[in-house]
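A.B. asks: So you can see what is in the structure, the chains are spelled out below.
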Amino acid sequence: MASPDMSATDQPSPPVSRSTSVFRLAFGPVVWLSIFWIALLVFAAVFRDVLPLRDPDELGIRTREVEKFESPGWNAFFGGDSQGRDVFSRVVWGARPALILGVSATVIAALVGSIVGMAAGYLRGRVDLVTSVLIDIALAFPVLVLLITVRASFGNSMFVFVILFSVTGIPPYARIVRGATLSLAEREFVDAAAALGANRRRIVLRELAPNIALPVLSFAFIGFAIVIVAEGGLAFIGLSLDEITWGKLISEGTGDIQNAAHVALLPATTMFLTILAFNLLGDAIRSIVAPRQVLTQRQLSVDGERPDTAPTEVESNGTAPHEDRRVLDIVDLHTKLHTPLGDVRAVDGVTLHVDRGEALGIVGESGSGKTMLLRSIVGTFALADVSRSGTVDVAGVDMLRADPATVRHALGTRIGMVSQDPLTALNPVRRIETQLVEPMRVHLGLDKAAARARVIELLRSVGLPDPERRLRAYPHELSGGMRQRVTIAMALVNDPELLLADEPTTALDVTVQRQLLELLGELRRERTMSMVLVTHDLAVVKGYTDRVAIMYGGRVVESGPTESLFAQPRHRYTVALMQSVPDLSLPSHSELEVIDGLPPSLVDPPAGCRFAARCSSATDICRTDTPVREHVDSSHWFRCHHPVEPGELASVPVQIAETSS
Amino acid sequence: MTDTERVHQAVGNDVVVSVEDLVVEFPAGRKQTVHAVSGVSLELRRGETLGLVGESGCGKSTTGRAMMRLVEPTSGRVELDGVDLTQLSPNELRRVRRKMQMIFQDPVSSLNPSRRVREVVREGIEIWHDDHPDEAANDAKVAEVMAAVGLDPAVGERRPHEFSGGQCQRICIARALVVDPEVLILDEPVSALDVSVQAQILNLLERLRAQFDLTMLFISHDLAVVKNVSDRVVVMYLGRVCEEAPTDELFAAPKHPYSQALLASIPGIDPTERWGLGDPDELVSGELPSPIDPPSGCRFRTRCPHATDRCATEVPELREVAVGHRVACHHVD
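Listed in order, the protein sequences are those of chains V and Z.
Per this note's numbering, numbering through the first sequence is continuous, rising by one, with the last residue being 689.
Per this note's numbering, numbering through the second sequence is continuous, rising by one, with the last residue being 345.
Excised from the complex, chain V in its bound form (with noise of 0.2 Å):
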C-alpha cells in the first residue's frame, strides 16, 4: 500500500516504496536459515578435501579410531557405520556430487526450458503447436525406463548423469515459461515497445526475459530439490553414481536400521534439510514475484459495545419519528482491515440511514471506501483479518452483534445484492434455471413447478426477453447486461427490503445502463424497496438516487437531498469533484478543473480534514482539526472548515445541474 505524501503542487508526488517490506515480508528468519544451511553445504563441497576430517572410506574397522556402528558422539558426530567408517566424513563428501549434479542440471534444464519456451510463447502458431505436442509428449514419457536404459548403456559418470537429468528437466521448465510468455506477450507494454520500433529481438532480451527470469529461478531451486530426490532415487535401486552420495549412503544404511538406525537416518536427515531449505528459497523468491498477502486465521471481529443510547446529537441520524421507517442505519461505523502493512482504515466513521423505499447513493472514488462501507454492512470481505467498531442495524438486526443465524437469516430475507461484475455472482458451470430455482425453492418451500413460475416471472418483471428459453442457458451464453438483469432477477428472489448494489452497471454500455438504472427504480417504487447504490459516477447518482453521501479517504464529508446537494454543494470536495466531470454543455477544448495529488493513505491517515492536502482554501485548522458536521438544514449537512457559500460558485456544471431545477 504505497503512502504518498502529499503535497498540493502541480507535480504529483511519489509515492513511498513498498518494495522493501514485501522482501521483509519474504525473508523471515526460516528463509535465512535456509540460506545458511545452503551456504553450509557449498562451504563442505568446495572444502571437504582441506577440512580436518577422516577419510570417508577409511575403514574403521582396520584404523580403531571409529568402531562398526559406533554411535553418534565427539569422536564421530554421526557416528560409524557397518565397516566402521566416519558417517560425518561421508556425508560431508557427498555435498559436492549432490551440488555439482543439482546446480549443473538445473542450470542446463532452466536455460534450455526457458529458450524453448519463449520460442513457444511470443513466436505462437506452428512453432508453438510443435513445441507443446513435444512437452507433452516428454512429460508423459517415463522417465525411470529412460534413466535406467541411459545408466545401463553409457555407465555412471556425472557427466552422464548431468545429461540426462539436464534432459528430463527441460519440459517441466519450457511449460512454465510457455505460459508466463504467452500471458506477458498479451501486455500492452510489449505492444508499446514494437510501436516505438522494437525489433523481436530486442522484445525477448528486454520486455520478456526480464519478466520470466524470476519465476523460472523461483521454479529452479525446486527443480533442484527433485534432482536430490531423484539421484536418491536411483541410488536405491543401485544405480548411482560411481562417488559417495547421500542416496547412496541412506539405502547403504538401510540394511542396518534395526540396529544402527543412525547409518541411515542422519545422511537422510541432510538430505530432507538440503531439500527444504531449496523449498523453501524458492516460494520466498516465488512470494517477491507474487506478494501473497500472509494472514492470520479467517477473522472478522467486533470492537466494543453497543453504544447504550443514541449516540451525541451532532452523529445522530436524525429525529426519532422516522425509527420504524428506518431500514438501515449505520451509527459510527469504523472498519479496520489488519494487513501485514499495517492497519487500513477503510470505514473511519460513517453514520447514516436509509428510510424504506428510499434510494441512498454512496459516491467515492477509488480508496474512499465506498465499497468497504457495503461490506461492513454484510460483513464479507476478501481480506481475512477485518474487525469493525460502532454499529449496523439492518430492520432492527444488530449485523454486528446478533447471533450468526440471525445475521444469516436477516442476510438472506432483508437483503438483496448486486456486484459490478455479474460474472462472479454467478456460477459458471451452473445453468440460470439451477441458479435461480434452487435458492426459490429452499427460501420459500415452493414445489419445482411453482418455484419455477416464479423465477420465470422475476426475470420477465427485470426485462430478460424470452426468459422460458434464457433458463436453459450458462451464464457465458449471455450478454453482460442480461446477466446484470440475471443476477438483479436473483437478488430479489426473496423479496428483500434492501438492495446493496455496487457500481452495478460500471461495466456495461450507456444504452444498456440506462435500461438497468430504469428498472431499478421502478423495481424500487413497485416494491416499496431501499436502495444503497455505490458508484463514482455522479450523473447517475443524480438522475437515480433520493438522497447521496459523498467519502472521501474512508469519511462521509457532505451528505443531503439528491436535489439540494446537486443545487447547493458545500464541501470543497464534492464541488471539486463535479467540476472535474467533462461538461456537455461546454464546447470542446474547454480546460477542465482539477484536483492536483493523490488520495491520503488509509494506513496513515493525515489529521484533521482528510481532504486539506489537495483542497485549494486549506489553512491550517484543516490540518489539525476534524471538521465536525454543519447543517444546511435538517437533511443537508457538510463537514469543511472552508465551505463554498451560495453565490460564491460561479458554476455548477451545467450537467450536473441540469435536471436538479
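In short, the hints are calculated from the structure, not lab data.
If you're wondering where the values come from, they're calculated on a predicted model, not measured in any experiment.
Just to be clear, a hint being listed does not mean it is correct.
Here are some, though not all, of the chain V residues that point toward chain Z, as calculated from beta-carbon distances under 7 Å [what the hints assert, rightly or not]:
#1 Glu216
#2 Phe217
#3 Leu224
#4 Val609
#5 Pro610
#6 Ser616
By construction, the Cβ of each residue, glycine as well, lies at the ideal position given by its N, Cα and C atoms.
With chain V held as given, fit chain Z onto it using these hints.
C.D. replies: Chain Z only, in chain V's frame:
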C-alpha cells in the same frame, strides 16, 4: 512552426493519416469469423483530435490497433504521410510507424514491471540509438518529455508498481513522446482513472497537443470526455461508421438514430429538452448483436425504431448531409 503556419495547415485539411475501407476479421473457431471492423474509412487532419466513439464491441479499439498494425488488417489501406503501412515489410514498418504512437487503457499493464521509469521513457531513443548519437541531447529530450507530462525527474529510478494509475499514464505518454511522434492513438486513455485524475490527464493531453504539434485519435466510450477533447467525432456501431461530424455539431444535433440513442442515454441529461428527442427507451431497444453474425444491410436495424425493409437489404452509404457531416442512414435527409 509559426502560429500562422499551424492555422494554415489546420484550415488546409492536411491529411496525416488516411484509413480507407479497413476490414479486420478474426477466426472464431468452427469456421466462423468475427467481423470486428467492416470497411471503416476515416482521416486524421494535421493538428486535430478526432474522437472515435461507440460501445464495447463496436470495433473502435480494433480500428486503432489495426492502424498501428498491432493487429493485421484483413484488407484496406492505412496511409501515414502518404505511405501505406499495410504494404511495408516488418523492418520498414518499424521505422515508419515511429511517427504514430499508441496509449492504452490500462496504464499499469502498459509498463514493464521490471524496468525503471527512466529506462521506460528512454526506450525509444535506445531502440533508434544510431539516429540519436548525441547523449547530451538524449538526456535533454528525456528530461523535456518528463517535465512536459508533469513527472518529477527524481522518480526516474523508481519502478512502475510504485505509481498510481494516473502517474503510470503520464509515464506512458512520456514514453510515446520521446520519439517525436506526429500522431497519438489514444485507446480509452482515461477510462481506468478516477474522475479527478481523468481531468488532469485530459488537460495534459490538450496542452501536449499544442506543445508537440500532435494529431490525435481519441478512442472512448465516454461521450462527455470525447466532447471535451475532440474537434471532430466518428461514431461507430458494430464494425461500421454511422456518423461523422464536427464535435459541436454532432452534440448539438445528432442525425443517425444510433448517435441519437447514444447521446440520449448519457445519465443526467434530459434528451427531450436538449435535442427534442423522445423517450430514450424508444430510441434503442435490445442489445448489441453478435459480430460473428452481424445483421444484413444496416447493422443497427435490429435495434432501430425507424427500420424498414430497405434497411435489411441495402447497406447505407456514408452521405454528406452538411459540410463535413456525413451519416450512414437511409432515413436521414
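A.B. asks: Now tell me if each hint is right for this structure.
C.D. replies: Comparing the hints with the structure gives:
no., hint, result
1, Glu216, "holds (4 Å)"
2, Phe217, "holds (5 Å)"
3, Leu224, "holds (4 Å)"
4, Val609, "holds (6 Å)"
5, Pro610, "holds (4 Å)"
6, Ser616, "holds (5 Å)"
Comparing the model with each earlier hint shows no violations; every hint is respected.
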